[in-house]
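Peer 1: Residue strings, one per chain:
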Amino acid sequence: MALDSADDRGAAGVVVTAAPRDLSPEGRQPSAIGPWRLAGRRLRRNKVALFFLALFVVIVAMCLLAPVYSAHIAGIGPNTNNITGTVSVAGKQQDVVSLDGVPIGPTWGAHYLLGADTNGRDLAVRLLYGGRTSLLIGAIATVIIIVLGTLAGLLSGYFRGAADFILRPLMELIWSFPVVILGVALGTALAIGGIGPVKGNSVYIPAFIIGVVYIPYLGKPIRGEVMRVRNQDYIDAARVQGMGHWRIMFSEIMPNVSSTIIVFVPLILASSILLESYLSFLGAGVQAPNASWGTLISDGLDYLQTTPTFSLIPGAMLVLTVLSINVVGDGIRDALDPRAQVRVRT
Amino acid sequence: MARFVTRRVASAILLLFAVSVVVFGIFEVIPSYNPARAIAGRNATTTTVQQVSEKFGFNKPVYVQYGNTMKLIFTGQIVDYSDNLNVVQQFGQRFPVTASLVIPAALIWMAGALLFGSLSALRAGRLMDRGLTVAAIVGVSIPVFLLAAVLLYAFAFRLPWFPNTGYVQLGDNPAEWAYHLILPWIAIAALSVGFYSRVLRASALDVINQDFVRTAKAKGLSERQVFVRHVLRNSLMPIVTLFGLDFAALLGGAALVTETVFNLPGIGQYEAQAIGNLDVPPIMVGAMFTAFFVVLFSALSDVVYALLDPRIRLTG
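Which chain is which? The protein sequence lines are A and B, in order.
The first sequence begins at 93 in this note's numbering and counts up one residue at a time.
The second sequence begins at 72 in this note's numbering and counts up one residue at a time.
Only chain A is shown next, with the shape it has when bound in the complex (with noise of 0.2 Å):
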């Protein structure tokens, strides 16, 4: 979806002048307030959006101080099997996966807090480690959306002509595919053999993957951002000074779709990892051993009915994090614009 329409962005370059609150003894003039000092202001006074994201920092904090859980508290490894190790629940000794294979539920003690896998692995431990795993495979993901999604955007807006007429096919075609479905293949014949040095089970091809299929989300919006602003007068005037197109682009162009861009984080970082747990929960994604939250709760579906917490938890978790994401997102996106509409598909 296109954001919702050009007059708006316009409104949030405008330069607000302060009130004159605290002149100094010398009279100095009262300061203008830049746009983007003024989007913080807005940004602050949103109470719930600052909720989310201290929620958000605990979360990440969590996951990053993975090792040390595991390390100080559950005396375990993210993979280390442990199938015929036995646990103290209550004082008494108990298997950890039982002789038909039935792993312990949560013991809500240090070690097994929330219980075992099939293998005896700690899946305290291991929601920890793939938290880690998510929000890795979304950030190098979003990293890789925001680089090339940028360039592609600039690129066709602004040369047109043969940049335009090879990558925006490229978008629409990426784009025509359901993300999962292009995911999914992609992430089927990867998983396989890896890309060149990289290995099948990397949690880096997931990340690849997600990088790929969402480029268009942003570049197809940037592209129209980058068409609109290279038709104004300070380009013409940015040309005639004999600035280079590389120039214009970066210093010129870049600043003001720079707003969209932002706007475009949050969003697409909370995209990259719900479609990492549909790929993952599929089995398209991150592969054994590791884990993310979306190969947890696809683990536990076999015990959902009595052992619910081995899915709902690690679900729990997930949609804290891209509800938060999202939450903040939206504070952000009001604060920079308060009328755009803007969605990634998943």
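One should not assume that every hint holds.
[As the list claims (entries may be wrong)] Calculated lysine to any residue pairs in the SDA-like style (CA-CA distance at most 20 Å, straight line): (1) A/K139 x B/V205; (2) A/K139 x B/K126; (3) A/K139 x B/L198; (4) A/K291 x B/N348; (5) A/K139 x B/T204; (6) A/K139 x B/R201; (7) A/K291 x B/E99; (8) B/K288 x B/D277; (9) A/K139 x B/N348; (10) A/K184 x A/P159; (11) B/K126 x B/E99; (12) A/K291 x B/G347; (13) A/K139 x B/A206.
[To be verified] With beta-carbon atoms standing in for the labels, derived distance ranges: (14) A/V239 x B/L85: 28 to 34 Å; (15) A/W128 x B/A195: 25 to 31 Å; (16) B/L178 x A/R339: 51 to 57 Å.
Bear in mind the hints are in silico, worked out from the structure with no lab data behind them.
For each residue, glycine too, the CB sits at the ideal point set by N, CA and C.
Given chain A, put chain B in place with the hints provided.
Peer 2: Same frame as chain A, now just chain B:
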């Protein structure tokens, strides 16, 4: 009109050709992917891999393989690697299940979106309007398979109100058919209602301030007539676009996670199983099948635009 149809069909064929090349390319040209090894299994010996390669023709040049594969798909002879089932036949048999899942779900979410979107546009800023904002943002933050799992746990296992699995054909017993599909319908529809309502609301609020709405009020139409005939009709376009893409994707197999969780034998479940077995033909056919629906429905939504708004001409 004739020109529109010709151009649309021509560009659709071109796009589908490109799609088929891409899908084929993903599986056959990626250098490190060896389909013979995938068929032979993860721990196969080199000789087995070679035999498989000969049998399926993987040692031929790429364009020959592409031609052969497309011939197999379009003559309906392609078989999957794991069970030797005819892929096209499987899609044909399973499509009614997917349609039973997706079409009513789509009707539910569109009806919900029309209702809630209109109400919140008429009462902007009120409690329901704010509730809808929350519903929309929560809806885009929950993966469908998770909502499906929660529904399955809550209303099939914890409270045994609905069956947890299985599919009954519409022709056999319509009541049982609906009973088995209610939870899956809700899983698909619930997450979309909020977002669609928000989009409809935003576009209705834009339309409400236009001159022709004032004219309609001035000439004495009732509130309801003004809203339904003038405002609503003119604000449907954004959700028609969204709907075309989402519906096409789901019908073409993107409901695979829902089908997996609820164990419905649709095309999505077939594809999901194929992913698990690293079985290429169903995924390849599935991707082309979906792209076909996306192309079809994007053309259809252009036709719907023209019906909704006579100012739009179908020139392609």
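Peer 1: Indicate, hint by hint, whether the structure satisfies it.
Peer 2: Each hint tested on the structure:
{"no.": "1", "hint": "A/K139 x B/V205", "result": "holds, 15 Å"}
{"no.": "2", "hint": "A/K139 x B/K126", "result": "violated, 65 Å"}
{"no.": "3", "hint": "A/K139 x B/L198", "result": "holds, 19 Å"}
{"no.": "4", "hint": "A/K291 x B/N348", "result": "holds, 19 Å"}
{"no.": "5", "hint": "A/K139 x B/T204", "result": "holds, 16 Å"}
{"no.": "6", "hint": "A/K139 x B/R201", "result": "holds, 16 Å"}
{"no.": "7", "hint": "A/K291 x B/E99", "result": "holds, 18 Å"}
{"no.": "8", "hint": "B/K288 x B/D277", "result": "holds, 16 Å"}
{"no.": "9", "hint": "A/K139 x B/N348", "result": "violated, 48 Å"}
{"no.": "10", "hint": "A/K184 x A/P159", "result": "violated, 28 Å"}
{"no.": "11", "hint": "B/K126 x B/E99", "result": "holds, 15 Å"}
{"no.": "12", "hint": "A/K291 x B/G347", "result": "holds, 18 Å"}
{"no.": "13", "hint": "A/K139 x B/A206", "result": "holds, 19 Å"}
{"no.": "14", "hint": "A/V239 x B/L85: 28 to 34 Å", "result": "holds, 29 Å"}
{"no.": "15", "hint": "A/W128 x B/A195: 25 to 31 Å", "result": "holds, 29 Å"}
{"no.": "16", "hint": "B/L178 x A/R339: 51 to 57 Å", "result": "holds, 54 Å"}
In this structure, the hints that do not hold are numbers 2, 9, 10, in rising order.
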